[in-house]
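Those protein sequences? They're chains A and B, same order as listed. Here the first sequence stands for residues 0 to 352, where the numbers follow numbering that gives the first Met the number 0. Here the second sequence stands for residues 0 to 352, where the numbers follow numbering that gives the first Met the number 0.
Read the hints as simulated data drawn from the structure, not as lab findings. Among these hints, one or two may not hold up.
Stated by the list, open to error - Stretch-level coverage of chain A by chain B, calculated; a stretch enters the list once three of its residues show a Cβ under 8 angstroms from a Cβ in chain B:
(1) 88-101
(2) 160-172
(3) 198-204
(4) 252-264
As the list claims (entries may be wrong) - The list that follows gives simulated cross-link-like pairs (lysine-lysine, DSS-like), each with its CA atoms no further than 27 angstroms apart:
(5) Lys108/B <-> Lys114/A
(6) Lys62/B <-> Lys114/A
(7) Lys282/A <-> Lys341/A
(8) Lys108/A <-> Lys70/A
(9) Lys305/B <-> Lys108/A
(10) Lys105/A <-> Lys112/B
(11) Lys341/A <-> Lys305/A
(12) Lys108/A <-> Lys112/B
(13) Lys62/B <-> Lys205/A
Claimed, not checked - Take a look, some chain A residues computed to stay more than 10 angstroms from chain B by CB distance:
(14) Glu137
(15) Arg175
(16) Ser301
Ideal Cβ placement from N, Cα and C applies to all residues, glycine included.
Number of protein chains: 2
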Amino acid sequence: MKPRLQKLLSRLKQENLDGLIVSSPANISYLSGFISSDAYFLVSKKDCIYFTDSRYMEEVRPKLKTVASLKKIEGSVFNLIADTCIGLGLERVGFEERHLPYAEYKKIKEFLKAKLYLIPSHNLIENLRQVKEPKEIEKIREALRITGSALEFIKDFIRPGLAELEIAGELERFIRYNGAGEAAFDIIVASGPNSAYPHHRPGGTKTQKGLPLLIDLGVDYLGYKSDLTRVFFLDKIKGLNRRIYEVVLEAQSRSIASIKPGIEIARIDGLSRNYIADKGYAKFFGHSLGHGIGLETHEAPSISAKNDGILVPGMVFTVEPAIYLPGKFGIRIEDMVLVTNKGCEVLSGFIDK
Amino acid sequence: MKPRLQKLLSRLKQENLDGLIVSSPANISYLSGFISSDAYFLVSKKDCIYFTDSRYMEEVRPKLKTVASLKKIEGSVFNLIADTCIGLGLERVGFEERHLPYAEYKKIKEFLKAKLYLIPSHNLIENLRQVKEPKEIEKIREALRITGSALEFIKDFIRPGLAELEIAGELERFIRYNGAGEAAFDIIVASGPNSAYPHHRPGGTKTQKGLPLLIDLGVDYLGYKSDLTRVFFLDKIKGLNRRIYEVVLEAQSRSIASIKPGIEIARIDGLSRNYIADKGYAKFFGHSLGHGIGLETHEAPSISAKNDGILVPGMVFTVEPAIYLPGKFGIRIEDMVLVTNKGCEVLSGFIDK
Chain A
0 MKPRLQKLLS RLKQENLDGL IVSSPANISY LSGFISSDAY FLVSKKDCIY FTDSRYMEEV
60 RPKLKTVASL KKIEGSVFNL IADTCIGLGL ERVGFEERHL PYAEYKKIKE FLKAKLYLIP
120 SHNLIENLRQ VKEPKEIEKI REALRITGSA LEFIKDFIRP GLAELEIAGE LERFIRYNGA
180 GEAAFDIIVA SGPNSAYPHH RPGGTKTQKG LPLLIDLGVD YLGYKSDLTR VFFLDKIKGL
240 NRRIYEVVLE AQSRSIASIK PGIEIARIDG LSRNYIADKG YAKFFGHSLG HGIGLETHEA
300 PSISAKNDGI LVPGMVFTVE PAIYLPGKFG IRIEDMVLVT NKGCEVLSGF IDK
Chain B
0 MKPRLQKLLS RLKQENLDGL IVSSPANISY LSGFISSDAY FLVSKKDCIY FTDSRYMEEV
60 RPKLKTVASL KKIEGSVFNL IADTCIGLGL ERVGFEERHL PYAEYKKIKE FLKAKLYLIP
120 SHNLIENLRQ VKEPKEIEKI REALRITGSA LEFIKDFIRP GLAELEIAGE LERFIRYNGA
180 GEAAFDIIVA SGPNSAYPHH RPGGTKTQKG LPLLIDLGVD YLGYKSDLTR VFFLDKIKGL
240 NRRIYEVVLE AQSRSIASIK PGIEIARIDG LSRNYIADKG YAKFFGHSLG HGIGLETHEA
300 PSISAKNDGI LVPGMVFTVE PAIYLPGKFG IRIEDMVLVT NKGCEVLSGF IDK
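If we strip away everything but chain A, and leave its shape as in the complex, we get (with noise of 0.2 angstroms):
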């Protein structure tokens, strides 16, 4: 972990920062190596800390190993952060503003008592995760193979007449028997009508001949995620079912095709959005075109109209676009894509459609 800290302790100073309180769970898993929760942690110069409560504490310990010192949270963690920060003699601490709630930006800054200046920062980490390191690539790698495994799975499983949430427990099982830690979110599986809902939650619907059957599913593996959405149609796809899913597919492809250093990233997502526009159904997509992914389903960069930043490569994120019909149906193909130094790797290319 230590070069990642350099590069943040070189962003702190161009910050004219001696401090930053990380609060950010997958922020202090980037910086610790260790998969975090209930825990904060201080980066400056002269030393790192990594603060957690007793139910922590001694599987922690063995996992920081040079990274950071280990304290012990007992009493209020504010308290103790404060203090940490005016006995290294600290000057100006930033703070994850993204990722402190109010309260406790208030009881940092009481305790503090005026003896240092704190300062909110944005997303000094989250650009630095923006960019994989090949170990990282190889864990999304990973997640993604299992992934691919659950659909090839899934699809010799379903048929007429079962329940979204039998699909969806059926795909729980079948990630952890094949090296999957978790699910990487609340797996989607929406049959016929509520595949028009993009963040539906599987229930008691029951899968139907002809009707649509939307999967998006992501695996958790050793951290890293992926995300990616199919979606079937136990029968032979056809009508507006099949234009609307042609249309969705050529979107996909020409925001894909478009993909390389340097491009900017609202153009990526304008390739998609035009296509499916022109086609006459602009105000059936209504979110952005994609995502990165890494240690968290959704981290920089967003792939959408409101990015004015540029591809880089080692960049890893999402492509899906999507027309909901509501009342009838909904299409969305995504599939994760890492940018390369000449264009780009779809790293779910592996997996049908």
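Fit chain B to the supplied structure of chain A, relying on the hints for placement.
Just chain B, lined up with the frame of chain A:
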């Protein structure tokens, strides 16, 4: 949901607030009756407004009925919330300081352009949620019924040589075939020495004859959670295992025997803690005795030495004393209780120990 909104509006009046910006998903679910994520809710005497984006609009609309109006988030939600507050002519608006990140507070504050006071508020809805309505208790009972069936099923399934993750996978599948929407949290399956980590993440460790196997399972039934821990032994329980198990069981029954309206919450924690201390294991029981449970797995009241409140009929919480011997094993026994008018009902009492 209307009576809940009425109660909240009375509380706001006491706090001298004429509006409240609700950002906790569980609190929004409680007020709106719709399980929410990526949403905000504004409560005021004049109108209540549910803010969400295109992904959820179609799903939310029919469910809000007369409880609240619906506004679609396009552009900045913080601008929209601020404009809505100004438009309603509000003067003193609270926000949930534990559930609003500093960055979001800052943005709402900016958009309000000092046209009204933005005031931190604390646990207003959480305190209402502590006392469950009969309909909520019925959902919790159903969540426990599913949990009990799952443990019956797994008792027949377990044998030496199974990976923790395989057991977790079987449970994940079973609960979805039996009425649960999902697990309430990452199911803990901890074999042998892993059981000494209170929040162990299941992995490849295999069950072994004579080693304790700790399972901490909760399910979600229509938004309401269960949370229950049992330890199995795959053999006759003996030696230190037996001694520790008996201490934890006796600690738990001492706490449960004293639960009734009016008693200090800290005392309930103390009864288990003191008994465990008397037996010489004080430093091996680091966490609090339990926690309220309902729409969230962990909610008010916390059953800990720090809580200076008293028990009230309708509270539902866990009682989970434990002893964790690092490197050896841990025993935790967790049940769920309901405070009744005269004493308490162990809601999970039908599940074998």
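Exercise. For which of the previously enumerated hints does the structure constitute a violation, in increasing order of number?
Worked result: Hints 4, 6, 7 and 15 are the ones this structure does not satisfy, whereas the remaining hints hold.
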